[in-house]
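Colleague: Please work from the sequences and hints to get the whole structure.
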Amino acid sequence: MSAKQFGDYIIRVDSIGKTFDNGVVALKNFSTNIRRSEVVVLIGPSGSGKSTFLRCLNGLEEIDTGSIIVDGILLDDNKKNRLEIRKEVGMVFQHFNLFPHLSVLKNITLAQMLVRKKSKGEAEDEAMQLLQKVNIAEKANVFPSQLSGGQQQRVAIARALAMKPKVMMFDEATSALDPEMIGEVLEVMKNLANEGMTMVVVTHEMGFAKEVSDWVIFMEDGMKVEEGTADHFFSDPKMDRTKLFLSQIL
Amino acid sequence: MRSSILLFCKRHHLLDISAYLVLMVGGILLLLKGAEDQGYYWQWFRIPKFLYHFEDGRFIAGPILEGLKITLNITWISLILTYIIGLVTALMRLSNSLLARGVARTYLEITRNTPLLVQIFFMYFVIAPILDIDRFTAGVLALSLFEGSYASEIYRAGIVAVNKGQWEASYTLGLGTYQNYRYIILPQAIRRILPPLTSQAISLIKDSSLVSVIAIYEMTMNANEIASETFLVFEIFFTIAAIYLALAITLSQVVAYFEKRYRVVS
Ligand SMILES: Nc1ncnc2c1ncn2[C@@H]1O[C@H](COP(=O)(O)OP(=O)(O)OP(=O)(O)O)[C@@H](O)[C@H]1O
Ligand SMILES: [Mg+2]
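Going line by line, the protein sequences match chains A and B. Residues in the first sequence are numbered from 0 upward in steps of one, following numbering that gives the first Met the number 0. Residues in the second sequence are numbered from 0 upward in steps of one, following numbering that gives the first Met the number 0.
In case anyone wonders, no lab produced these hints; they're calculated from the structure. Where hints are given, some of them may not hold.
[Claimed, not checked] Using 25 Å as the maximum straight-line C-alpha spacing, the simulated BS3-like pairs for lysine-lysine come out as follows:
id, chain 1, residue 1, chain 2, residue 2
1, B, Lys259, A, Lys79
2, A, Lys105, B, Lys259
3, A, Lys117, A, Lys79
4, A, Lys27, A, Lys3
5, A, Lys132, A, Lys119
6, B, Lys163, A, Lys105
7, A, Lys86, B, Lys163
8, A, Lys209, A, Lys165
9, B, Lys163, A, Lys78
10, A, Lys132, A, Lys165
11, A, Lys117, A, Lys86
Modeller: And the structure:
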């Protein structure tokens, strides 16, 4: 486990804050740095700001204060920077968000062709390889509605990977799945982690967190409460709040 | 139990149909009686020559069919413009630019809160001389701008109804705003948009008769002239009503067909 080699910091988040229009403060003075190939798991109660944090990382939500740097690019108002970051950061959603009017194959080739400017042939080759990787190559030509939840989520992962992102974010990727399908998706995520993908994962799957993560962050009310390596975090939490949360969830 | 429900439904249906027939027959009788009371003398045989006649074996369109040609021209050009104006306005209203939203709102408020007739006059007497455009163009523009404001609301509702997750997925994959609309949002919105846009096309056919006020010789204008010259008021207006009706029904059938096909494909 500890043989893993990390690179430099690929994500630098410096004291960011986010308040929604309705006055809800979702992030307060939140800072963290993430290294290449690191798998960071974010946990915390509902409404603690986990999703908001991920969505700020790729610019889906605007931050009010602080700064975010991804792979040396500052996430600011500059449209080109933002696009660059969107291309480098893949995201997997709780509800998959596949494009229902496109076949599985087209779901995966569309952005490759439009954004990465690949030819149709190249994009399809890449898509088929990725579908093989997530064990669902035989479904290339069906529509998303004909797939089970677990299959849809694996397609969604393949779709994100097709952009060759440097970071992958997962926002409760298994929360909407039937129990018997959670395993197949976690398996794909584990393989990805083992290949050295940098990952930021919001999850309630503590087994996954213990086994795969290099760093765990527990947050509440938009703030970091405690963080540490998985070993330390789960076996020897320092804060009472963390202990309480872990006792409820484990 | 089930068969009695079925029977009830059937009876209901029959009742509906007979009520409809009674209404129709009653309406027609009332009209005929009204005409008779005025001492109206039906002369349907004089109508065909206003539609068409043959000269040396060649088909010559009469004033009604000539007018129909103009009506169809006004309608299809206005229809295309309406759909474009509607889409652009909807996208402007949904955009982040304050300027675009402001322009769209102003346009909508003006076109929706003034009568179409006034807009046609305004376009013809005020705008046309400035832009140096002919009456046909002025009429088409006025119609398109008017119908476009309603079309924009249809587009907007269809676009907004597409799940927010679709925007987010497409954004995350790096698609630009244009690509997002073109490949993700509009193809999903179109099925919701198509039926109400058809009704729009039908109101456009009907509203096209209003441009006769700026002396565009479309079907209603010609019919009006014939009626005042010949006093065949009932025959002429029944005839063009039937033509408008046929156009509208044909159009909705065509779209119903496409709608079905579209649904099967995806
Ligand atoms: N678009 C929004 N507008 C207003 N408030 C929002 C919005 N999105 C999230 N919030 C609020 O911000 C806070 C943080 O929400 P967030 O979704 O980040 O929490 P979370 O940790 O992901 O929770 P969960 O585990 O339920 O997904 C919550 O109080 C939420 O109600
Ligand atoms: Mg969340």
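Colleague: All hints are to be evaluated individually against the structure, with a verdict given for each.
Modeller: Verification of the hints:
In summary, the hint linking B/Lys259 to A/Lys79 is not supported, as the alpha carbons are separated by about 42 Å, beyond the 25 Å threshold. The suggested pairing of A/Lys105 with B/Lys259 holds, with an alpha-carbon distance near 23 Å, which does not exceed 25 Å. For the hint pairing A/Lys117 with A/Lys79, the CA-to-CA distance comes to about 20 Å; that is within 25 Å, so the pair holds. For the hint pairing A/Lys27 with A/Lys3, the CA-to-CA distance comes to about 31 Å; that exceeds 25 Å, so the pair is violated.
About 20 Å separates the Cα atoms of A/Lys132 and A/Lys119, which keeps this hinted pair within 25 Å; it holds. Distance hint between B/Lys163 and A/Lys105 is fulfilled; the C-alpha atoms sit about 20 Å from each other, no more than 25 Å. Pair hint A/Lys86 plus B/Lys163 holds up; C-alpha atoms about 20 Å apart against a cutoff of 25 Å. Note on A/Lys209 and A/Lys165: the hinted pairing holds, with a Cα-Cα distance of about 23 Å set against a maximum of 25 Å.
With a C-alpha separation of about 21 Å, the suggested pair B/Lys163 and A/Lys78 falls inside the 25 Å cut-off, and the hint holds. Of the pairs offered as hints, the one joining A/Lys132 and A/Lys165 holds, with about 18 Å between alpha carbons and a cut-off of 25 Å not exceeded. For the hint linking A/Lys117 to A/Lys86, the alpha-carbon distance of about 14 Å falls within 25 Å, and the restraint holds.
Taken one by one, the earlier hints fail for this structure at numbers 1, 4, listed in ascending order.
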